[in-house]
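Trainee: Turn these sequences into a full structure, and let the hints steer you where they fit.
Following my numbering, the numbering of the sequence shown begins with 1 at its first residue and continues without gaps.
Since the hints were made in silico from the structure, they are not lab data.
On a predicted model such as this, the values are computed, not experimentally measured, just so you know.
Treat the hints with care, as some may be off.
As the list claims (entries may be wrong) - DEER-style ranges, computed between Cβ atoms: (1) ASN359 <-> THR143: 17 to 23 Å; (2) ASN359 <-> ALA457: 39 to 45 Å; (3) SER162 <-> LEU78: 47 to 53 Å; (4) GLY279 <-> ASP390: 37 to 43 Å.
Said to hold, decoys possible - Straight-line alpha carbon distances no greater than 30 Å define the calculated DSSO-like cross-link-like pairs of lysine-lysine that follow: (5) LYS434 <-> LYS212; (6) LYS88 <-> LYS159; (7) LYS402 <-> LYS122; (8) LYS402 <-> LYS86.
C-beta: ideal position from N, C-alpha, C; glycine also.
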Amino acid sequence: MLFGSRVRKKFSLFSLAIISFLTPKLEAVGLFQPSHNARYGGMGGVNLAIGGSPMDIGTNPANLSLKNRKELEFGISLPYIRTVYKDKFSDPDPNLYYENSESYNVLAPLPYFAIRIPISEKWTYGGGIYIPGGGNGEVSGLTRITPNGQSLNDWSGMKLPSPIGDSKRIQESYSSTFYLVKSTHALSYKIGGLSIALGVEGIYSRQIAYQKFHDITGNIEVPGQGFDYKSKNAYALGGIFGTTYQITDTLKIAYSYQTSAKIPLDGSMQVGPYPSRTGVSATFAVPERYGLGFSYGTDTFKIGVDALYYNYASYTSTYKQTLAAPVFPTAFGQTNVIPQNLAYHDSWALGIGGEWIVNDWTYRLGARHNSGVLRSEGTNALQAGIMVQDLVSGGFGYSTGKWKFDFTLLYYLPVKVYNGGSADWNFNHAAFSKEDIRVNEFKHSLRSDIPAILLGASYSFD
Numbered sequence: 001m002l003f004g005s006r007v008r009k010k011f012s013l014f015s016l017a018i019i020s021f022l023t024p025k026l027e028a029v030g031l032f033q034p035s036h037n038a039r040y041g042g043m044g045g046v047n048l049a050i051g052g053s054p055m056d057i058g059t060n061p062a063n064l065s066l067k068n069r070k071e072l073e074f075g076i077s078l079p080y081i082r083t084v085y086k087d088k089f090s091d092p093d094p095n096l097y098y099e100n101s102e103s104y105n106v107l108a109p110l111p112y113f114a115i116r117i118p119i120s121e122k123w124t125y126g127g128g129i130y131i132p133g134g135g136n137g138e139v140s141g142l143t144r145i146t147p148n149g150q151s152l153n154d155w156s157g158m159k160l161p162s163p164i165g166d167s168k169r170i171q172e173s174y175s176s177t178f179y180l181v182k183s184t185h186a187l188s189y190k191i192g193g194l195s196i197a198l199g200v201e202g203i204y205s206r207q208i209a210y211q212k213f214h215d216i217t218g219n220i221e222v223p224g225q226g227f228d229y230k231s232k233n234a235y236a237l238g239g240i241f242g243t244t245y246q247i248t249d250t251l252k253i254a255y256s257y258q259t260s261a262k263i264p265l266d267g268s269m270q271v272g273p274y275p276s277r278t279g280v281s282a283t284f285a286v287p288e289r290y291g292l293g294f295s296y297g298t299d300t301f302k303i304g305v306d307a308l309y310y311n312y313a314s315y316t317s318t319y320k321q322t323l324a325a326p327v328f329p330t331a332f333g334q335t336n337v338i339p340q341n342l343a344y345h346d347s348w349a350l351g352i353g354g355e356w357i358v359n360d361w362t363y364r365l366g367a368r369h370n371s372g373v374l375r376s377e378g379t380n381a382l383q384a385g386i387m388v389q390d391l392v393s394g395g396f397g398y399s400t401g402k403w404k405f406d407f408t409l410l411y412y413l414p415v416k417v418y419n420g421g422s423a424d425w426n427f428n429h430a431a432f433s434k435e436d437i438r439v440n441e442f443k444h445s446l447r448s449d450i451p452a453i454l455l456g457a458s459y460s461f462d
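Mentor: Given below as structure tokens:
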């Protein structure tokens, strides 16, 4: 047991080292991926009752006990988020009317690493580090009206020549990055056909966002406007529970529960001309996840069905940042509270997938439907990843000796969300003062699809 303790201690230190190396570069698709490795990705994310990979730590750790050999697994998911954002301000004044259409693409590398170590005939340990998701987006050069509806010179205090300085039109750029990294450690216990497991999840997160304004040509940045927000390094704890029961030689049923987690995104913000950065207090809550799975399997053929439920509405319907000083400008004056109506809805998912083994080769297919987390009232230009719903996938694996290699192509089908005036995003771009609010004149839409490549490998050892 002393040897096992040393292994787990070294693995934890290694996990923290990997986190510190990866986090400056992370971008992600959404708060949850359909799977955390290439094998399950090829089956549409279906895994709860199939199992058999070390990455079961992230979905159903009870399946760690399905194999009695040590195994190391690692790989990377490479989703390519393709987004088209459009908006329009339909004012009868031709000097105020504008339209925007911008396409932006994000390659989001999501690595994973896990290990499974049988301790005895009944107990199995699993540990690893992976990225369940997050979000990233950036739009720039969007035509806007000055926040108070005045000319650029009157609003900013600049003295630019006409017609640029006298125009009410400017350009806006906005960027937001949020990500999660998990290090999970779990123990699985097997008795007869029943396996149960508990896991502890160490969570690391960070958020960075900024807003900038330029003149209508995009060449001159307007000083003393917009904001720059950086959270501190945030840490939290979560948990995961799983159980699998072998009904017959070929039929299994599984259940999995993942706890919610509150991420403390306290940090600081530079707001407009305020002379120093202001402290920010904020908490983002990751929802619970419930999963029920069934599978039919032989030595050469496996097929499974997963049903999942995420109660987003109980945790992430709003996100509020509280500033240490009332310096954030709004149409109603300065405030120290910045509420964001994310309006995430509870979501369910249903997936089906399987794999067929022929000698050293394995062939996989899968599909999954997700109900929409993001509806029209919560949209903005940067929510592309969380809005994707349906996906199809296919892949193959190759075994040679103690090694296995997996390759998957996965495609999140296109989805478009349109808003006619009910979102915070609309209000922020159509309220110029207490007396001048034109939310019915501002409309926007967001369209996204995501092709992805998943690469993975595993090594079994004594």
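Trainee: None of the hints should be skipped; say for each whether it holds.
Mentor: Results for each hint:
1. ASN359 <-> THR143: 17 to 23 Å: 60 Å Cβ-Cβ, so the 17 to 23 Å window is violated.
2. ASN359 <-> ALA457: 39 to 45 Å: About 19 Å separates the Cβ atoms of ASN359 and ALA457, which means 39 to 45 Å is violated.
3. SER162 <-> LEU78: 47 to 53 Å: holds (49 Å)
4. GLY279 <-> ASP390: 37 to 43 Å: holds (42 Å)
5. LYS434 <-> LYS212: holds (23 Å)
6. LYS88 <-> LYS159: Holds: LYS88 and LYS159 sit about 28 Å apart, inside 30 Å.
7. LYS402 <-> LYS122: Holds, because 23 Å separates the two Cα atoms, which is no more than 30 Å.
8. LYS402 <-> LYS86: With Cα atoms ~51 Å apart, LYS402 and LYS86 exceed 30 Å; violated.
Of the hints listed earlier, those the structure fails to meet are numbers 1, 2, 8, in rising order.
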